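Peer 1: Taken in sequence, the protein lines are chains A, B and C.
According to the numbering used here, the first sequence is numbered sequentially starting from 19.
According to the numbering used here, the second sequence is numbered sequentially starting from 31.
According to the numbering used here, the third sequence is numbered sequentially starting from -11.
Bear in mind the hints are in silico, worked out from the structure with no lab data behind them.
In this text the structure is predicted, and so the values were computed from the model without any measurement.
Fair warning: there could be bad hints in the mix.
[Stated by the list, open to error] Taking lysine-lysine pairs in the DSS-like style, the calculated list, with each CA pair at most 30 Å apart, reads:
| # | chain 1 | residue 1 | chain 2 | residue 2 |
| --- | --- | --- | --- | --- |
| 1 | B | 441 | C | 28 |
| 2 | C | 30 | B | 404 |
| 3 | A | 235 | C | 28 |
| 4 | A | 465 | A | 503 |
| 5 | A | 101 | B | 441 |
| 6 | A | 231 | B | 371 |
| 7 | C | 30 | B | 120 |
| 8 | B | 478 | B | 258 |
[Unchecked claim] Short, incomplete list of chain B residues facing chain C, as computed with Cβ under 7 Å:
| # | residue |
| --- | --- |
| 9 | 173 |
| 10 | 394 |
| 11 | 414 |
| 12 | 475 |
| 13 | 476 |
| 14 | 478 |
| 15 | 490 |
Ideal Cβ positions, reconstructed from N, Cα and C, are used throughout, including at glycine.
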Amino acid sequence: MRGYQAVIGVEIHVQIQSKRKQFCSCPAVNTREISDANKFTCPICLGHPGVLPVLNSESVRNTLLLGIRLNCNIAKRSIFARKNYFYPDLPKGYQITQYHTPLLTGGEVEYFYEGQLKKAPLERAHLEEDTAKIFYLEDGTNFLDFNRAGIPLLEIVTEPVFTSPREVVAFLEELRFILRELEISEANMEEGNFRCEPNISVRPLGSTKLLTKTEIKNLNSFGTLIKALEYEIQRQTEVWESGEKVERETMRWDEHLQKTVPMRMKETQADYRYFDEPDLPPLVITDEQIEMARREAEKYQRKLNWDGRELIFPAGTARQMEFLVSTLFLSTSDAKLFALNPEYLELLSEVYQITRDLKETIIWLLQEYKPLSETLDVRLSPNIIAELIQIKKQGAVTTAQARKVLALCAKSGKSVQEAIEELGFGKTLDDEEMTRICGKVIEENSKAVNDIRRGKVQALKVLVGAVMKETGGRANPIMVEEKLKYLLNL
Amino acid sequence: MKHMLSLTAHELMKLYARSELTPFELFELQLAFARKIEPRINSFLSLRSVVDEEVGKVPYKNADNLLSSVPVSVKDILATKDFTTTAGSKILEGYLPPYDATVVSILKETNNFIVGKTNLDEFAMGSSTENSGYYPTLNPWDTTRVPGGSSGGGASSVAALQAFVGLGTDTGGSVRQPASFCGVFGFRPTYGMLSRFGLIAYASSLDQVGIFTRDVLDIAYAMNTLSKPDPLDATCIATGDIDFVCFIEGNTNTEGLRLGVISGLMNEQVIDAEVLELCEESLRILAGAGVEIVSVELPFIDYLLPCYYILTSAEASSNLARYDGIRYGLGVDEAPRRNLKEQYYEVRGVGFGQEVKRRILLGTYVLSAGYAEKYYNQARQLRKIIVDSIDEIFGEVDFLFAPTSPTPAFKLGEKLDDPVKMWASDVCVVLANLANIPSISVPGWLNKEALPVGIQFMGRRGEDARLLAFARAYEVSASLRFRVPPMVEEALNNFEY
Amino acid sequence: MNDISELLDTLCALSRVSLLEEEREQFAHAFSRILDFVEKVKSLNLPSQKILPLVSKESQHTSEDVPIEFQFPINFRHDYRIGKLFEQ
Ligand SMILES: [Mg+2]
Ligand SMILES: [Zn+2]
């Protein structure tokens, strides 16, 4: 990147899961079908004359929960403010938000990136309300849907700490996961309940000065976010290198042009004229509320019994990733599968407790059990999986057989022994039959026998293979070899 | 029977209780006279044409000191489902709210009869009702004069026997000043005592529903009825557990109370000489009733008005941003055909009157980047100083005294050209709003031109009942009786019913 | 007068208000009177101290305590359309 480094921060607007809207009693529901538009509206969220807002405490509780989880400072007394600007999706001509006193300040999101645990410090997170949704119609007019107007929003702002678009995505994925796990938001980008607006500047490597930043809006997937940021880094670098100056402006990603273009916002040049919302008393948070949020956050912790030790992980994947990768030396991709799927992580600990073979256990859980369990939608107890792994390791069944046994257990609910029996695997042949088959094989493979007698011991493997084939895999190859040696007087 | 129209509400309810008359009979009479005199004063923006059987036939219920089966006029800035509600603005012409204001719901629940929606200065911005987007209201005492404002129609309707009680709103004297001009009582409670839900906002932190009546007791009945907790208004502080009527009746003694006369508002440079004389007369009566009269100084008195106009304009610029003609009001039908820019400028340029535009621009100015520190924040700090000074003064005195208005009702058009001159007529009333204390305008005497002049008492924050008890004691000592303006009296005499 | 006219233009744009042709001159005059009037507060230069909260009440009930129910008249609009936006 020719000696320039990117400095990126992100603003995320999260729709907070709640039965009701932020300031009225309408259901907080995003429109799925256009025929449902404007069904969930009332004079309050439509900004009719004379109405007043009344705060929804569910969204406050959810925000406190997040605040505890992310170690934020919780304001004991925060004041709502009006952000004034004109746009048809803003029914009152102002958005009720928090300005001087956000409910949450500071704190951090831990995320796992490039093999290590990293921290993204937060500047603030504040409560506000969503705007209406604009549908662009073919006849050039626009249709306004006020179902979204007033849905509780949390605006989360990070410090400008990221240096690459991929790192931003790693952070966002983790934040999204935490929000979902804590049931604070569905955090779905396509549905619009998780909207990211990165701000970005570049500076010469080694410099600590922040240069002019631009903001990018309307990004609807991580893919476009990466493309837009990469483009913008390139563009800004070129601007500075050519001796020009980067303008402070708001950009959007143009999918057709595959580039960022400035939004034509001259008309609404921001002067938001913030002032205290006179219709709402200060939001006062009591110690009891904070204590409740703390207890709530504890409920979402993951507890893992690992080798007799109890490990506690906060909601999210980062700390688990760190444990799996740095302590257990799992590959990042394996670790991710376990961190994203709590039940597998639990299985891992329980199966490992019995097998004491981490490598085998991981292979059997991720490669064999996981796809099977997901296609059949069946769960097996850790004991079954562990038993199978052990039997296989003792050589009672082959890998291929073990796979079949696992499938049968999953499908039928049979025990490992029952499945092995039904499949006719590992049934120890009686000595008579073994002697008969081995004798037969010796007779039919005179060439190999001659080789063996001439000292070419590897040829014994040919005979073992032939016996195994003859027995349909029911014999233990080690025992077969013993038998053959005995019969050949070796 | 028709002379019953000049009774007070509690006198009227006594007649109901004694079965001397039914609410339906009274409502029909009320409506007939209100409609007859209406063309001469224009109190209303919409006036009911018939008494609905449904409303009228409900028998009077003798409830505990509540207002019940009383004809009430409601300022057209309070939302009503069954009357268009315009806030006096063209931008809301024909707008029918999908809900009732809380105070309106309560009036209906208690079987009161809403006569109509009274005229006002557009969005309550004005002191003469000449800024109505429709037509001015005339003062029933002299139809060449204004009734005051912004709740001018409310005051004139109670004076002109069109309603027994009127609901107005008082952001900076908008109930008390017209009460003074029309010779009726006007009360502005402590902020939050009455729900603001459904009150179309002008300056939210100062807006408060106010009450017009013909005596103090009726205010107490109205407060008993209307002052209730409201889940729809987060700033409402009403508890509903005080009986104002009982309180007044049990607290008639004024002996030894201290009344502070705000000297800065008794200054002949500001206040009309005749008004001052009438104030002195009232103070003599109070002294005779054992009240100790002391003079108090209020700092920054010259700053009250600019401070008030900065704060209210700032909030107004935000409160009035919702009128864009997209969801309701003027311009809704053209919205799909206009580009957005046209939509805003057309609707707001045509829909708002001059005074409203001036205040929106002023409000935008004092809040905008670089100016908020110099204007808006200074005014907020000044307001704190005013509140602190008032609290300190109330440590020394029980009540405060000032004229309600520097002059009696002025001529139509007299101050229309100069907004600052018009604003100056609010000098005595804005204090109560800025300091957030209850205040009442009591009709005093008639001046030489037979125009009413009011005096103003203010009480401690939250001590609304105590203030009303004091005003009641004064009313009794001064033997005040409701006076019907001569023009109205004559109309009533000629009224065939 | 020129300054005030420019200021008015800026404020009109910020407030999405247009002045009718006949209003303009009178308006400029009235507005400069208003500015002189509020200048008084600016010139006070009060020491920066704590500002009184706009809402003195310290507690609030929430919409969960009492859900707000509305009954709508039949004519309540559900189709909100507008024309071209700035960006289109
Ligand atoms: Mg925001
Ligand atoms: Zn709603």
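Peer 1: Against each hint, give a clear statement of whether it holds in the structure.
Peer 2: Hints and how they fare:
1. Taking the CA atoms of residue 441(B) and residue 28(C), the gap is about 29 Å. The hint holds against a cut of 30 Å.
2. Restraint check: the Cα-Cα separation between residue 30(C) and residue 404(B) comes to about 5 Å, which is no more than 30 Å; the hinted pair holds.
3. Only pairs whose Cα atoms come within 30 Å are accepted, and residue 235(A) paired with residue 28(C) is rejected, the gap being roughly 43 Å.
4. About 16 Å separates the Cα atoms of residue 465(A) and residue 503(A), which keeps this hinted pair within 30 Å; it holds.
5. Restraint check: the Cα-Cα separation between residue 101(A) and residue 441(B) comes to about 41 Å, which exceeds 30 Å; the hinted pair is violated.
6. The straight-line distance between the Cα atoms of residue 231(A) and residue 371(B) is roughly 29 Å, inside the 30 Å bound, and the hint therefore holds.
7. With a C-alpha separation of about 34 Å, the suggested pair residue 30(C) and residue 120(B) falls outside the 30 Å cut-off, and the hint is violated.
8. The hinted pair formed by residue 478(B) and residue 258(B) fails the criterion: a straight-line CA distance of about 42 Å is larger than 30 Å.
9. Against a cut-off of 7 Å between C-beta atoms, the interface hint on residue 173(B) is violated, since the closest Cβ of chain C lies about 27 Å away.
10. Interface hint at residue 394(B): satisfied, since its Cβ lies 5 Å from the closest Cβ of chain C, which is below the 7 Å cut-off.
11. Annotation: residue 414(B) was flagged as interfacial toward chain C, and the flag holds, the nearest CB pair being 4 Å apart, inside 7 Å.
12. For residue 475(B), the suggested interface contact is broken, since its CB lies about 32 Å from the closest CB of chain C, more than 7 Å.
13. Interface hint at residue 476(B): violated, since its Cβ lies 33 Å from the closest Cβ of chain C, which is beyond the 7 Å cut-off.
14. Among the interface hints, the one on residue 478(B) is violated; its C-beta lies about 32 Å from the nearest C-beta in chain C, farther than the 7 Å criterion.
15. Nearest Cβ of chain C to the Cβ of residue 490(B): about 14 Å, over the 7 Å cut. The hint is violated.
Hints 3, 5, 7, 8, 9, 12, 13, 14, 15, counting from the list given before, are not met by this structure.
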